[in-house]
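Asker: Between the sequences and the hints, there should be enough to build the whole structure, so can you do that?
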Amino acid sequence: MKLDIRNSKPAQFAILLVVFFILCLAIGPGESNYLWRLPPLFKELPTVINDSIQFVMYDWWPIQVYDPDIEDFEEKALFSEITRSISSAFLFVITLIREIFLGGTKTIVAFTGWDFIDKNPWAEWPALPWTVIAGWAIVLGYKLQGKGLALLAALSTGYIGIFGQWEPSMQTLSFVLIAAPVSVAFGLALGIWGYKNHWVEAALNPLLNIAQTMPHYSYLVPVIVLFGVGDQAAAIATIFFATPPMVRLTMLGLKNISPDIVDAGMMNGCNRAQLLFRVQIPTARRDILIGVNQVVMQCLAMTVIASFIGAQGLGSNLMIALNSLKIGSGLEIGLCIVLIAVLLDKLSLAWANKQTDYFADLGFVKRHQYWLICGAILIAGILFAYFGGLIFDEDFNYLYIVPHNKGITTAPFWQAAVDWIWDTFFFMLKDFNEFLIVSILVPMKEAYLAMPVAATFLLVMGTAYILAGIRSALIVCGFLLFIAFSEYWDRALITAYMTTFSVIVASVVGITVGSLCAQNSTASKVVLLLCDFFQTFPSFIYLIPVIMLFGITDTSVIIAAVVYALVPAIRYTVEGLRNVPAVLHDAGSMMGVSRFQRWISIELPLAFPHIMLGVNQTVVFALFMVIIGAFIGTTDLGQLILKAISDPRGTGIGIILGLCVAFIGLAADQILRTWANERKKALGVA
Amino acid sequence: MISKKFSRALLATAVGALFAVSGVANAADSNKPIKIPIKNWSSQIVMAHVIGGMFESMGNKVEYVPVDNQASFEAVRTGDLTILHEVWQSTMQNAYYNAMEKGGLIDAGTHEAATLEEMGVPNWVIDKGLCPGLPKWEALKDCSAAFATPDSGGKGRWLEGPQSWHGDVMPNRVKGLGLDDKWVVKFAGAADALWAELKSAEKEGRGTIIFNWSPNFTDASGFTFIEFPPYFDGCRIADGGSMETTGCGSPPGWLKKGANYKFPKTHPKAYAAFSKLSFTTPQIGQMAALVDVDGLTHADAGKKWLADNEDAWKPWTVSVLGAGN
Numbered sequence: 001m002k003l004d005i006r007n008s009k010p011a012q013f014a015i016l017l018v019v020f021f022i023l024c025l026a027i028g029p030g031e032s033n034y035l036w037r038l039p040p041l042f043k044e045l046p047t048v049i050n051d052s053i054q055f056v057m058y059d060w061w062p063i064q065v066y067d068p069d070i071e072d073f074e075e076k077a078l079f080s081e082i083t084r085s086i087s088s089a090f091l092f093v094i095t096l097i098r099e100i101f102l103g104g105t106k107t108i109v110a111f112t113g114w115d116f117i118d119k120n121p122w123a124e125w126p127a128l129p130w131t132v133i134a135g136w137a138i139v140l141g142y143k144l145q146g147k148g149l150a151l152l153a154a155l156s157t158g159y160i161g162i163f164g165q166w167e168p169s170m171q172t173l174s175f176v177l178i179a180a181p182v183s184v185a186f187g188l189a190l191g192i193w194g195y196k197n198h199w200v201e202a203a204l205n206p207l208l209n210i211a212q213t214m215p216h217y218s219y220l221v222p223v224i225v226l227f228g229v230g231d232q233a234a235a236i237a238t239i240f241f242a243t244p245p246m247v248r249l250t251m252l253g254l255k256n257i258s259p260d261i262v263d264a265g266m267m268n269g270c271n272r273a274q275l276l277f278r279v280q281i282p283t284a285r286r287d288i289l290i291g292v293n294q295v296v297m298q299c300l301a302m303t304v305i306a307s308f309i310g311a312q313g314l315g316s317n318l319m320i321a322l323n324s325l326k327i328g329s330g331l332e333i334g335l336c337i338v339l340i341a342v343l344l345d346k347l348s349l350a351w352a353n354k355q356t357d358y359f360a361d362l363g364f365v366k367r368h369q370y371w372l373i374c375g376a377i378l379i380a381g382i383l384f385a386y387f388g389g390l391i392f393d394e395d396f397n398y399l400y401i402v403p404h405n406k407g408i409t410t411a412p413f414w415q416a417a418v419d420w421i422w423d424t425f426f427f428m429l430k431d432f433n434e435f436l437i438v439s440i441l442v443p444m445k446e447a448y449l450a451m452p453v454a455a456t457f458l459l460v461m462g463t464a465y466i467l468a469g470i471r472s473a474l475i476v477c478g479f480l481l482f483i484a485f486s487e488y489w490d491r492a493l494i495t496a497y498m499t500t501f502s503v504i505v506a507s508v509v510g511i512t513v514g515s516l517c518a519q520n521s522t523a524s525k526v527v528l529l530l531c532d533f534f535q536t537f538p539s540f541i542y543l544i545p546v547i548m549l550f551g552i553t554d555t556s557v558i559i560a561a562v563v564y565a566l567v568p569a570i571r572y573t574v575e576g577l578r579n580v581p582a583v584l585h586d587a588g589s590m591m592g593v594s595r596f597q598r599w600i601s602i603e604l605p606l607a608f609p610h611i612m613l614g615v616n617q618t619v620v621f622a623l624f625m626v627i628i629g630a631f632i633g634t635t636d637l638g639q640l641i642l643k644a645i646s647d648p649r650g651t652g653i654g655i656i657l658g659l660c661v662a663f664i665g666l667a668a669d670q671i672l673r674t675w676a677n678e679r680k681k682a683l684g685v686a
Numbered sequence: 001m002i003s004k005k006f007s008r009a010l011l012a013t014a015v016g017a018l019f020a021v022s023g024v025a026n027a028a029d030s031n032k033p034i035k036i037p038i039k040n041w042s043s044q045i046v047m048a049h050v051i052g053g054m055f056e057s058m059g060n061k062v063e064y065v066p067v068d069n070q071a072s073f074e075a076v077r078t079g080d081l082t083i084l085h086e087v088w089q090s091t092m093q094n095a096y097y098n099a100m101e102k103g104g105l106i107d108a109g110t111h112e113a114a115t116l117e118e119m120g121v122p123n124w125v126i127d128k129g130l131c132p133g134l135p136k137w138e139a140l141k142d143c144s145a146a147f148a149t150p151d152s153g154g155k156g157r158w159l160e161g162p163q164s165w166h167g168d169v170m171p172n173r174v175k176g177l178g179l180d181d182k183w184v185v186k187f188a189g190a191a192d193a194l195w196a197e198l199k200s201a202e203k204e205g206r207g208t209i210i211f212n213w214s215p216n217f218t219d220a221s222g223f224t225f226i227e228f229p230p231y232f233d234g235c236r237i238a239d240g241g242s243m244e245t246t247g248c249g250s251p252p253g254w255l256k257k258g259a260n261y262k263f264p265k266t267h268p269k270a271y272a273a274f275s276k277l278s279f280t281t282p283q284i285g286q287m288a289a290l291v292d293v294d295g296l297t298h299a300d301a302g303k304k305w306l307a308d309n310e311d312a313w314k315p316w317t318v319s320v321l322g323a324g325n
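Top line first, the protein sequences correspond to chains A and B.
For the first sequence, position 101 matches number 101 in the working numbering, and the numbering has no gaps at all.
For the second sequence, position 119 matches number 119 in the working numbering, and the numbering has no gaps at all.
Hints in this document: simulated from the structure, not taken from any laboratory.
Take the hints with a grain of salt, since some may be wrong.
Derived lysine-lysine pairs resembling DSS-like cross-links, with alpha carbons at most 30 Å apart [unchecked claim]:
{"hint": "1", "chain 1": "A", "residue 1": "K445", "chain 2": "B", "residue 2": "K203"}
{"hint": "2", "chain 1": "A", "residue 1": "K326", "chain 2": "B", "residue 2": "K303"}
{"hint": "3", "chain 1": "B", "residue 1": "K186", "chain 2": "A", "residue 2": "K43"}
{"hint": "4", "chain 1": "B", "residue 1": "K141", "chain 2": "B", "residue 2": "K175"}
{"hint": "5", "chain 1": "A", "residue 1": "K119", "chain 2": "B", "residue 2": "K61"}
{"hint": "6", "chain 1": "B", "residue 1": "K269", "chain 2": "B", "residue 2": "K304"}
{"hint": "7", "chain 1": "B", "residue 1": "K276", "chain 2": "B", "residue 2": "K262"}
{"hint": "8", "chain 1": "A", "residue 1": "K119", "chain 2": "B", "residue 2": "K269"}
{"hint": "9", "chain 1": "B", "residue 1": "K256", "chain 2": "A", "residue 2": "K76"}
{"hint": "10", "chain 1": "B", "residue 1": "K155", "chain 2": "A", "residue 2": "K445"}
{"hint": "11", "chain 1": "B", "residue 1": "K32", "chain 2": "A", "residue 2": "K106"}
{"hint": "12", "chain 1": "B", "residue 1": "K199", "chain 2": "A", "residue 2": "K430"}
{"hint": "13", "chain 1": "B", "residue 1": "K102", "chain 2": "B", "residue 2": "K265"}
{"hint": "14", "chain 1": "B", "residue 1": "K186", "chain 2": "A", "residue 2": "K445"}
{"hint": "15", "chain 1": "B", "residue 1": "K102", "chain 2": "A", "residue 2": "K76"}
{"hint": "16", "chain 1": "B", "residue 1": "K128", "chain 2": "B", "residue 2": "K141"}
{"hint": "17", "chain 1": "B", "residue 1": "K303", "chain 2": "A", "residue 2": "K76"}
{"hint": "18", "chain 1": "B", "residue 1": "K136", "chain 2": "B", "residue 2": "K199"}
{"hint": "19", "chain 1": "B", "residue 1": "K203", "chain 2": "B", "residue 2": "K256"}
{"hint": "20", "chain 1": "B", "residue 1": "K199", "chain 2": "B", "residue 2": "K175"}
{"hint": "21", "chain 1": "A", "residue 1": "K106", "chain 2": "B", "residue 2": "K269"}
{"hint": "22", "chain 1": "A", "residue 1": "K106", "chain 2": "B", "residue 2": "K203"}
{"hint": "23", "chain 1": "A", "residue 1": "K430", "chain 2": "B", "residue 2": "K203"}
Footprint (simulated), chain B over chain A, 3 or more residues, beta carbon under 8 Å [what the hints assert, rightly or not]:
{"hint": "24", "region": "108-118"}
{"hint": "25", "region": "222-230"}
{"hint": "26", "region": "258-269"}
{"hint": "27", "region": "298-311"}
{"hint": "28", "region": "430-441"}
{"hint": "29", "region": "622-631"}
{"hint": "30", "region": "652-660"}
What the simulated footprint calls covered on chain B by chain A, stretch by stretch (three residues with Cβ under 8 Å from a Cβ of chain A suffice, anywhere in the stretch; the number is not a length) [claimed, not checked]:
{"hint": "31", "region": "40-47"}
{"hint": "32", "region": "82-91"}
{"hint": "33", "region": "200-207"}
Cβ coordinates follow ideal geometry from the N, Cα and C atoms, glycine included.
Answerer: This is the structure we're talking about:
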């Protein structure tokens, strides 16, 4: 049989690998050997970026600003005055919401001034009793969906209130309640613009790619420089992080609308705005709602990182607890974050899915019954709080606000669970850890570092060419060149080694688990719920137990990355397999295939493109955690990003390193996405 | 008592406002809040509440802002935070002096507390005889095998804090002392990684040598710092030293304070008290212990410390406000 190389991918791969190994053997290490390592041409780039940002922020277009505090004029740069006024607007709204929940004086101060407060000590906005907010959440849940959601609201607010996390939770909530709607609105607007204008879409795509793959703490320093430290800066960083999925899903949803529907709208005489808001957006609702769900998840996933730049609330308490190894209280706080995420997500979905009943003709009481109930709850809550004040000691009025860390605590329980795991598995895992490091990880790392740059380019571009065509190969080449010309190539190789290993493990485990769960609809639901949980559960919490079990080693980093990267691997596998039409299952059964044969020959090939998108996300998630692994202790790009925070040129270095990470992710994305799309076309499921 | 204090504060602000209007330099503190950073270790947070409580007793308003340690220096420089009250020499001086050089951060004096930031071992490592001859550094020449980990390639692992703290001081020191064929430096990612390592090493009974400091909560369970050749100015390579001198140990460290440059102008009295303020090592230890040992919340610990130690801190405010306050 004659082998047709043109059409046989395995044969092409074989040739590629042979050439790759020949290059590896032929090119020896050498300082001036450009086939071994490219010269760091972009070495000065961080300084240039840094100096330009400094110039724009501090020197460009100086204006005289009067500072009443020091009674003098100060020279300030116009640009920083602009960014600072944006941040004070944000801060005002966040403070307003926070003070509605928790009380305070700052909103009043914003309208009057600190002098007014000093003269009028009564002018303090009182906090709402937690029972009132909990009651409102329950009513809202009931109104939007029914008993189920009301129960969820009761359980979540009850847990948060009774277990003494009320204050930090409301602080976190107040900044999420700004970040999430702004992200949604912003994402929707950009998405619509991108849908209407091809140029905008072309410009948006690479920006979104970078925003989604750039590690978030690489832009913390620029955010501090531009917007200061505090909740406003945290909210703005969160918006950067949470908007991209919304933009993407809006564009996707609008594009998928059948032209017939638009025609129908036009025939009914819609003008452009009506067409957009009454026809297109409602039709694209499913995708847009997934976007809203992602925004909520991302916002809460950011709470911990946000505390690095001044966000008050659960994130900062979590870091404090973890720093003294109080894993039990860390878990309790983590649970609060997840509960808030789930509740907000379900409430927003229910709200968006609520149909307006245009034909109802109801009386005043019936129409406004929920407002009336809420009013009643407010009054009842205030009365409760008042009587509570008579019963409890002044500081501890549990019916008004449960003071932080003075509720009942579940921490000892969680701590005991963690200790038990530690005691039971420590020595078993130690042997496994030693084997993994000595026999697999160290050799793998050395192999990566021993690759000449020419061979790496050949391997990656060759793979891109075989799987995704010449265009992808060139794009990938561009990404790699940027990294190769920076001085961080070796670091990037270490990042790549840990990411590759994590992706392989996560994909194999994820696709297996996903396939097993997809056989049963209850199991599918449960596993998707678990995926939601791990996506919002702050990863910092399991970093510590992982370090205690596996030490400050690459194993710890990889295990954390695998846990996190399993989320998309499982999710996409389950979705892909569940979406294989039942008719095809039946057709298979009629042909007499066994269940296993059906999985191998029918379900997997059909779900393959979707699973590949899952693997694509797995790469992004794994990369993200490998970079976070810098908090455990790594020697890759992440370590330098962490170090950049205290470096005088940190702004520029952080951005360049962030781009290097983003480009690794985007190179993988380019190959996998194009490949998946081609497979889709070939299968006729696109 | 309260009403007296209040009317006095009212008077002070009224007078302040009057001065402000008439354009005379105002001697009273601005009534805008003083922003105090909350970082992620106990003594720092309790001290934040102690200092905040002291400012409040002087009639000022305070606000606590959670922030990452490394990010806080930039924030004080730009005025988003007002003060820094716990700047450790060895691990934070780079960030501190960088911010000062860029402008906006001023030196607000030094605490009395002597700090030590150095490599060391938990006491049980010595008790078990894993490295006979400690705390003299020469002992490290012969015991590296007991400190090896799977990824250290047979050498002993020298666990240093994050690279952002010191840069390459430790790799240079290991080389300078001629220990580099026996020891390899590994950078941990964060302080909590160091504590997790202590805990798991104890469980396993294996040797561990980590970067640590005192006062710290590890003092309670016993920790011994290694004695390296004495430090002198310029011994480190980064400060102009050579390979022969860079083996020097850490300097007896200072614990500094810093402030935004506007603080003395906006809150002259609070600034005066803050610059006088100086805690000793045992005081800092007490603050941390109220949380780590007694299990109080940070805010309560701050209040309790203020109530129990009026003798210590009242003089600072009295010297500024005059007696009777």
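Asker: Now tell me if each hint is right for this structure.
Answerer: We went through each hint and held it up to the structure:
1. Restraint check for K445 (chain A) and K203 (chain B): satisfied, since their Cα atoms lie roughly 29 Å apart, inside the 30 Å limit.
2. The suggested pairing of K326 (chain A) with K303 (chain B) holds, with an alpha-carbon distance near 23 Å, which does not exceed 30 Å.
3. Distance hint between K186 (chain B) and K43 (chain A) is fulfilled; the C-alpha atoms sit about 26 Å from each other, no more than 30 Å.
4. Distance hint between K141 (chain B) and K175 (chain B) is fulfilled; the C-alpha atoms sit about 12 Å from each other, no more than 30 Å.
5. Of the supplied pair hints, the one linking K119 (chain A) and K61 (chain B) holds, its CA atoms being roughly 14 Å apart against a limit of 30 Å.
6. At roughly 24 Å between alpha-carbon atoms, K269 (chain B) and K304 (chain B) fall within 30 Å of each other, so this suggested pair holds.
7. Taken as a hint, the K276 (chain B) and K262 (chain B) pair is honoured in the structure, with Cα atoms around 17 Å apart against an allowance of 30 Å.
8. At roughly 20 Å between alpha-carbon atoms, K119 (chain A) and K269 (chain B) fall within 30 Å of each other, so this suggested pair holds.
9. Taking the CA atoms of K256 (chain B) and K76 (chain A), the gap is near 29 Å; set against the 30 Å cutoff, the hint holds.
10. Between the alpha carbons of K155 (chain B) and K445 (chain A) the distance comes to roughly 18 Å, so the proposed pair stays at or under 30 Å and holds.
11. Note on K32 (chain B) and K106 (chain A): the hinted pairing holds, with a Cα-Cα distance of about 11 Å set against a maximum of 30 Å.
12. A hinted pair counts as satisfied when its Cα atoms are at most 30 Å apart, and K199 (chain B) with K430 (chain A) qualifies at roughly 14 Å.
13. Annotation: proposed proximity of K102 (chain B) to K265 (chain B) holds, straight-line Cα distance about 20 Å (limit 30 Å).
14. Proximity of K186 (chain B) to K445 (chain A) is assessed by CA-CA distance (about 16 Å); at most 30 Å being required, the pair is judged to hold.
15. Our distance criterion of 30 Å between C-alpha atoms is met by K102 (chain B) and K76 (chain A), whose separation comes to about 15 Å.
16. A distance of roughly 18 Å separates the Cα atoms of K128 (chain B) and K141 (chain B); the hinted pair therefore holds under the 30 Å criterion.
17. Straight-line distance between C-alpha atoms of K303 (chain B) and K76 (chain A) comes to about 39 Å, which puts the hinted pair past the 30 Å bound.
18. Note on K136 (chain B) and K199 (chain B): the hinted pairing holds, with a Cα-Cα distance of about 24 Å set against a maximum of 30 Å.
19. Pair hint K203 (chain B) plus K256 (chain B) does not hold up; C-alpha atoms about 36 Å apart against a cutoff of 30 Å.
20. Distance check on the hinted pair: K199 (chain B) and K175 (chain B) sit about 28 Å apart at the alpha-carbon level, within 30 Å; holds.
21. Proximity of K106 (chain A) to K269 (chain B) is assessed by CA-CA distance (about 23 Å); at most 30 Å being required, the pair is judged to hold.
22. For a cut-off of 30 Å, the pair hint linking K106 (chain A) to K203 (chain B) is broken: about 50 Å separates their Cα positions.
23. Our distance criterion of 30 Å between C-alpha atoms is met by K430 (chain A) and K203 (chain B), whose separation comes to about 11 Å.
24. As drawn, the region 108-118 of chain A meets chain B at 4 residues by the rule of a beta-carbon pair under 8 Å; at three or more, the given contact holds.
25. A stretch counts as covered by a chain when three or more of its residues have a beta carbon under 8 Å from one of that chain; for the region 222-230 of chain A and chain B the count is 5, and the coverage holds.
26. Only residues whose beta carbon comes within less than 8 Å of a beta carbon in chain B count, and the region 258-269 of chain A has 0; fewer than three means the coverage is violated.
27. Counting residues of the region 298-311 of chain A whose C-beta sits closer than 8 Å to any C-beta of chain B gives 5, which meets the bar of three, so the coverage hint holds.
28. Under the rule that three or more residues need a Cβ within less than 8 Å of chain B, the assignment of the region 430-441 of chain A holds, with 6 such residues.
29. Only when three residues or more bring their CB closer than 8 Å to a CB of chain B does the claim for the region 622-631 of chain A stand; here the count is 3, and the claim holds.
30. Using a Cβ-Cβ cut-off of 8 Å, 0 residues of the region 652-660 of chain A lie near chain B, which falls short of the minimum of three, so the contact claim is violated.
31. With 4 residues having a Cβ less than 8 Å from any Cβ of chain A, the region 40-47 of chain B passes the three-residue criterion, so the hint holds.
32. Counting residues of the region 82-91 of chain B whose beta-carbon sits less than 8 Å from any beta-carbon of chain A gives 0, not enough to reach three: the coverage restraint is violated.
33. Chain A is given as covering the region 200-207 of chain B, and this holds because 3 residues of the stretch bring a CB closer than 8 Å to a CB of that chain, at least three being needed.
Hints 17, 19, 22, 26, 30 and 32 from the list above are not met by this structure, while the remaining hints are.
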